[in-house]
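Chains as they are written, first to last, in our numbering: chain L, 1 to 274; chain S, 1 to 274.
Errors might be hidden in some of the hints.
Label pairs and their calculated CB-CB ranges [as the list claims (entries may be wrong)]:
{"id": "1", "chain 1": "S", "residue 1": "Thr30", "chain 2": "L", "residue 2": "Gly163", "range": "52 to 60 Å"}
{"id": "2", "chain 1": "L", "residue 1": "Asn246", "chain 2": "S", "residue 2": "Pro203", "range": "29 to 37 Å"}
{"id": "3", "chain 1": "S", "residue 1": "Ala136", "chain 2": "L", "residue 2": "Asp249", "range": "57 to 65 Å"}
Straight-line distance between alpha carbons at most 20 Å, and here's what the computed EDC-like set of lysine to aspartate or glutamate pairs gives [to be verified]:
{"id": "4", "chain 1": "L", "residue 1": "Lys44", "chain 2": "L", "residue 2": "Glu264"}
{"id": "5", "chain 1": "S", "residue 1": "Lys159", "chain 2": "L", "residue 2": "Asp129"}
{"id": "6", "chain 1": "S", "residue 1": "Lys44", "chain 2": "S", "residue 2": "Glu247"}
{"id": "7", "chain 1": "S", "residue 1": "Lys154", "chain 2": "L", "residue 2": "Glu158"}
{"id": "8", "chain 1": "S", "residue 1": "Lys27", "chain 2": "S", "residue 2": "Glu197"}
{"id": "9", "chain 1": "L", "residue 1": "Lys70", "chain 2": "S", "residue 2": "Glu109"}
{"id": "10", "chain 1": "L", "residue 1": "Lys220", "chain 2": "L", "residue 2": "Glu264"}
{"id": "11", "chain 1": "L", "residue 1": "Lys154", "chain 2": "S", "residue 2": "Asp162"}
{"id": "12", "chain 1": "L", "residue 1": "Lys70", "chain 2": "S", "residue 2": "Asp37"}
Think of the hints as simulated: they come from the structure by calculation, not from any bench.
Beta carbons are placed, not taken as given, at the ideal position from N, Cα and C, and that holds for glycine.
Here is what each chain is made of, one letter per residue.
There are 2 protein chains.
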Amino acid sequence: MTTNLLFNNILLKNSFLCVGLDPDLSKMPTHLLSCDDPVFEFNKQLIKATHPYTVAYKLNTAFYEALGIKGWISLEKTIKYLNQNYPEIFTIADAKRGDIGNTSTKYAEAFFSALNFHSITVSPYMGIDSVEPFLAFEDKFTIVLALTSNTGSKNFQEKTIDGKSVFKTVIYESLQWKNSQNLMYVVGATKATEIKEIRKIVPNHFLLIPGVGAQGGSLKDVCLYGMNNQVGLLINSSREIIYAGNESDFAEKAAQKAKLLQAEMKQELISKGF
Amino acid sequence: MTTNLLFNNILLKNSFLCVGLDPDLSKMPTHLLSCDDPVFEFNKQLIKATHPYTVAYKLNTAFYEALGIKGWISLEKTIKYLNQNYPEIFTIADAKRGDIGNTSTKYAEAFFSALNFHSITVSPYMGIDSVEPFLAFEDKFTIVLALTSNTGSKNFQEKTIDGKSVFKTVIYESLQWKNSQNLMYVVGATKATEIKEIRKIVPNHFLLIPGVGAQGGSLKDVCLYGMNNQVGLLINSSREIIYAGNESDFAEKAAQKAKLLQAEMKQELISKGF
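Use the sequences and the hints to build the structure in full.
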């Protein structure tokens, strides 16, 4: 995958929506629970219904790991299904990994080579040698946590190191790392002002933005401050889409919700001249 | 598991050694590769041989994830084997997880409930609500990355927020979190001076210390600065022990290496009056 291919797909679909596939047995439609693999069935139906409106899918590994080996089988089946049927769609392993060098290499092998995701989210806390093993993979993307939208972002990310916030320090430092062109950043949608400042530091990198909608982020503001000449944004929505319905028509309901978001995004794209 | 039980086991075995089970197919004895489950066989033989000298085993999830579903099966079999045969031994999922609240809950369920590890390592970057879901589990421990021994620790951990280093800020903040008695901290063995300072902030918490030996950390210095009245240290060694040999006697070689480290630890315990 390349950012050019991603950009082309954004223009084709008039969308920069990412759907988060976070399957939770206690929330999904009960008629699926008797399936051989309820999680994969849930994901497959969601993908079939929502793919016209989305350019990316994000699989949060926690929801699969919580189900043990069965969960990993569902994860593997889902990413295979995506790669085989929708190779143009950008895939994200939302794994928030990061460890010393040789261990990060193992994680990179797990998600980039074995599972064949296009990208992975990583935590920057351990610094350069915890992230560079991911960046070493060509045409794969490493999405560094910069400024998240949760309460705890105040504890460290928003504090100040040498006059700069921690999240800005993370971004500046990461630009010095080898293959920094393979970086993207996680920035919460509720932080519109900070998105503006981040865009000045990384004019060309893609931002993965959770938190639009229910969590309070405004799509308009995010676009106003975050768009670049390749759009440069992936807006994630998980629960609002995948649990839009809870009956046999859950996938249709999810598609309706995705379509609404896509329509808003189309307006933003048009107003920005794309 | 409780710290009292851990302390008792330390006194019983005269050891505060943790063995890191980081199986790598390219490094393990070739005669194991024809086994049905080489990774589990490798781990089982290592555990059988080294358990008299160790009070903890640490499984780094990256090495299992890199093998896909097979790796997760080996991980599950290994933790089951440990819990069934050596329930007094402290187990660590070295997973370095951390995400927003509901997602961290899923990770906690995965490692504490489903797999039944006694503890997990977590990254503090996302703050309070990314760690508290782990702390909510009674008699389970959450081992927060504080100061690691890798090169990248300089990028953020050793920088200064309001006159305090980032890793100290992490420790101070974490003490405000609910159930902070369930915390432990990762501190690299190469940072003896900092261990002294950290001990002042957390006199009662256990520290998980990688990096003694090959990576340059001194056991003597770590004990001098890090021991508290419950010993309060778990010193991890992975590669030096598990790859001490590469032939059919690999487990015996690993046990010899573990025994040497245990003997050094016994001397330290005696000299500190335990």
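Against the structure, the hints come out as follows:
Range check, Thr30(S) to Gly163(L): Cβ separation about 55 Å, and the 52 to 60 Å hint holds. At about 51 Å, the CB distance of Asn246(L) to Pro203(S) disagrees with the hint of 29 to 37 Å. Taking 57 to 65 Å as the suggested C-beta distance range, the pair Ala136(S) and Asp249(L) does not conform, at roughly 36 Å. Annotation: proposed proximity of Lys44(L) to Glu264(L) is violated, straight-line Cα distance about 25 Å (limit 20 Å).
As the CA atoms of Lys159(S) and Asp129(L) are separated by approximately 17 Å, the hinted pair is consistent with the 20 Å bound. Between Lys44(S) and Glu247(S) the CA atoms are separated by roughly 16 Å; this keeps the pair inside 20 Å, and the hint holds. For a cut-off of 20 Å, the pair hint linking Lys154(S) to Glu158(L) stands: about 19 Å separates their Cα positions. Using a Cα cut-off of 20 Å, the hinted pair Lys27(S) and Glu197(S) is violated, with the two alpha carbons roughly 38 Å apart.
The straight-line distance between the Cα atoms of Lys70(L) and Glu109(S) is roughly 14 Å, inside the 20 Å bound, and the hint therefore holds. With a CA separation close to 9 Å, the supplied pair Lys220(L) and Glu264(L) stays within the 20 Å bound. At most 20 Å may separate the alpha-carbon atoms for a hinted pair to count; Lys154(L) and Asp162(S) meet this at roughly 14 Å. Simply put, Lys70(L) and Asp37(S) have alpha-carbon atoms about 18 Å apart, close enough for the 20 Å limit, and the pair holds.
Hint compliance for this structure: hints 2, 3, 4, 8 are broken, all remaining hints hold.
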